[in-house]
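Trainee: Next come the chains, spelled out residue by residue.
Number of protein chains: 2
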Amino acid sequence: MASSSMKPMRSQVEEYIVSLQYQIVSAFETLDPAAPPFKRDSWVRPQGGTGQSCVFACATDDVSVAQQTVLEKAGVNISIVHGILPPAAIKQMRADHSAMPLPDRPEGLPFFAAGISLVIHPRNPNAPTVHANYRYFEITEPVEAGSDKGTSEPKVLAWWFGGGCDLTPSYLFEEDAIHFHSTLKKACDKYGPELYPSFKKWCDEYFYIPHRNETRGVGGIFFDDLNLGPHARLSSPNSPDAARRPTSPAEIFAFVQELGNSFVPSYLPILTSRHFLPYTPLQRRWQLIRRGRYVEFNLVYDRGTKFGLMTPGARIESILMSLPETARWEYMCELGEEGTEEGKLIEVLKKPREWV
Amino acid sequence: MASSSMKPMRSQVEEYIVSLQYQIVSAFETLDPAAPPFKRDSWVRPQGGTGQSCVFACATDDVSVAQQTVLEKAGVNISIVHGILPPAAIKQMRADHSAMPLPDRPEGLPFFAAGISLVIHPRNPNAPTVHANYRYFEITEPVEAGSDKGTSEPKVLAWWFGGGCDLTPSYLFEEDAIHFHSTLKKACDKYGPELYPSFKKWCDEYFYIPHRNETRGVGGIFFDDLNLGPHARLSSPNSPDAARRPTSPAEIFAFVQELGNSFVPSYLPILTSRHFLPYTPLQRRWQLIRRGRYVEFNLVYDRGTKFGLMTPGARIESILMSLPETARWEYMCELGEEGTEEGKLIEVLKKPREWV
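First to last, the sequence lines map onto chains A and B. 1 is the number of the first residue of the first sequence in the working numbering; add one for each residue after it. 1001 is the number of the first residue of the second sequence in the working numbering; add one for each residue after it.
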């Protein structure tokens, strides 16, 4: 699919996520110049494609001594991969992606996927964890061997964008949740009034831990399968009020860029105003318990993590980069009672709120 | 199913697990008299049944200060539950349990399940984590309303025992693995020579983390679906050499009791000789990383945990009691290299060994 710039969308997306990764990592490094820099690891996928993981960690043997960095563990990962999707995988993906062709070719179909995925776990219990992910997926016509098609771009049979961004505090600062949601809403609203309400609701539904009857955090936005066709959660692309959602590939990509670019302004001011607050041992303990819930969501429910763990040849270190450095599980933990600061958080996790 | 004592098996199993729980908890409390006692929590399942969780923990707000107890977190749980198994659940369980009747009654079938489940995480990195679980499952004929059958025992349509016991060290002491396996083998061998080899292999297969290409620990035994019928991993019950496996319900129950009774002798001598060894901060760090793997297995693969998390009304605190107090995830952790003490463990996790 060529956008107005005539460059194939896959190249545009690739360029964009490379620059977004650089911009985000630089922002965190600038905030805490005394901390060690992110570790950059480029990798090659033997079956096709490349990636770069940028990871922050302060490995130390004495894990009981608290370090002084703003971040405790963070990863900002990009991957640009391609290969052949077998008919079984096409069939499975059709359930969530209406644009996906029928799985009627025994040899499968070529795919291309490019995305950025990040998780930031700050050290201070007053500073929230944040996660974001934006990705582009494409299915193309097989290129026949020996044809001169090899030199031109393959025909795109289906494509979509997906992604989202959500905030997971250990302690609730209402103004932080409002700032985060407002920034995302502003980015969404430029491309249609129905995007934020629809994707905010989707986020609350997706980041939900059934066995705890809690959401993972205070939400944000989540979307998938965004293209020009009909969408289960958006108005019809042929509806008279066409301005309610992006209506061209270029506009959808511009929308995703708007969201990607809003990551730093949505989160950095929150981190800046929380990372230096004093905290007690009890607050640290509560933070580690909340990180245990983060692990529970990611390992038991998160579709991306589950898909990654089941994929032969997947880079496990990049998939599990999202897990916190430390997590804690207590039997019948007494923290989180009504009327406490911890309980204030639990209340909004049990009953998601409209923040803007 | 009545055993030779004429008391129904379900009552015999219930009595046994209650006394085994008491015996095991007492053994740990005696080993460390200065530590707080296990916390006993009795609970009632609204849909039918009861249980008792005995949990050891030293909750403290300052999680960075190491406590001085032998155990860090431990749970010894029993549950005796009953209810109605819907046809869908019967159908699913038939895949693993050949004795299960056809799911041809729309009202489902009554079940009874009694079991003991324990996980012990000691504080010292030289002392291994241990897990054991023994359970009895029964499906009975529905008792018709108004019939005088209510006073007699319902007819048993299917029954089986399952369970196992496995050891998860952070550092390999070969003599500990040998002692643990020898004790289990001795218990098994009294009831037939094929039990230990078959159940040892099953354990290595079950406690395997595919995405890490590692077993969870150095194994032990694992079995399921043990009754008088044909068994996928044992010789035919009608084979000429009938002494190769237990051949009556009483004998199977005696075998399971032998295993349950061997828990303390299999594990306590190991704990006793390791819990006081000096250790370095690096060893503590490695232990927490290994606990991260324990969490990965339990949340991603363990059938019991997954089943529990999906069961409406299940007691989440008892299910997740198995998780360690603290776990750690590092990106591209450098520990575990060949030639180090950490690497010695990894070697046997990648290539399970015959210990006896």
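Derived from the structure by calculation, the hints contain no laboratory data. Heads up, a few of these hints could be off.
Each pair of labels, with its calculated beta carbon distance range [to be verified]:
| no. | chain 1 | residue 1 | chain 2 | residue 2 | range |
| --- | --- | --- | --- | --- | --- |
| 1 | A | VAL44 | B | ARG1094 | 21 to 27 Å |
| 2 | A | ASP104 | B | ALA1250 | 32 to 38 Å |
| 3 | A | PRO281 | B | ARG1045 | 53 to 59 Å |
| 4 | B | THR1280 | A | GLN47 | 38 to 44 Å |
| 5 | A | PRO106 | B | VAL1018 | 56 to 62 Å |
| 6 | B | PRO1037 | A | PRO281 | 34 to 40 Å |
In silico BS3-like links for lysine-lysine, alpha-carbon gap of 27 Å or less [to be verified]:
| no. | chain 1 | residue 1 | chain 2 | residue 2 |
| --- | --- | --- | --- | --- |
| 7 | A | LYS91 | B | LYS1350 |
| 8 | A | LYS7 | A | LYS306 |
| 9 | A | LYS306 | B | LYS1351 |
| 10 | B | LYS1190 | A | LYS306 |
| 11 | B | LYS1091 | A | LYS306 |
| 12 | B | LYS1186 | A | LYS306 |
| 13 | B | LYS1350 | A | LYS350 |
The beta-carbon is built from N, C-alpha and C at its ideal position, and this holds for glycine as well.
Trainee: Indicate, hint by hint, whether the structure satisfies it.
Mentor: Hint check:
1. For A/VAL44 and B/ARG1094, the hinted distance range of 21 to 27 Å is not satisfied, since their beta carbons lie about 46 Å from each other.
2. The hinted range of 32 to 38 Å is not satisfied by A/ASP104 and B/ALA1250, whose Cβ atoms lie roughly 59 Å apart.
3. Separation of A/PRO281 from B/ARG1045 is about 36 Å and departs from the stated range, judged on CB atoms against 53 to 59 Å.
4. The given range of 38 to 44 Å is respected by B/THR1280 and A/GLN47, whose C-beta atoms sit roughly 41 Å from each other.
5. Between A/PRO106 and B/VAL1018, the C-beta spacing of about 58 Å keeps the proposed range 56 to 62 Å intact.
6. At roughly 24 Å, the beta carbons of B/PRO1037 and A/PRO281 sit outside the given window of 34 to 40 Å.
7. Restraint check for A/LYS91 and B/LYS1350: the C-alpha separation of about 34 Å exceeds 27 Å, so the hint is violated.
8. Annotation: proposed proximity of A/LYS7 to A/LYS306 is violated, straight-line Cα distance about 34 Å (limit 27 Å).
9. Of the pairs offered as hints, the one joining A/LYS306 and B/LYS1351 holds, with about 25 Å between alpha carbons and a cut-off of 27 Å not exceeded.
10. A distance of roughly 43 Å separates the Cα atoms of B/LYS1190 and A/LYS306; the hinted pair therefore is violated under the 27 Å criterion.
11. A C-alpha spacing of about 25 Å is found between B/LYS1091 and A/LYS306, which places the hinted pair at or below 27 Å, so the restraint holds.
12. Annotation: proposed proximity of B/LYS1186 to A/LYS306 is violated, straight-line Cα distance about 40 Å (limit 27 Å).
13. Distance hint between B/LYS1350 and A/LYS350 is unfulfilled; the C-alpha atoms sit about 42 Å from each other, more than 27 Å.
The structure shown violates the earlier hints numbered 1, 2, 3, 6, 7, 8, 10, 12, 13.
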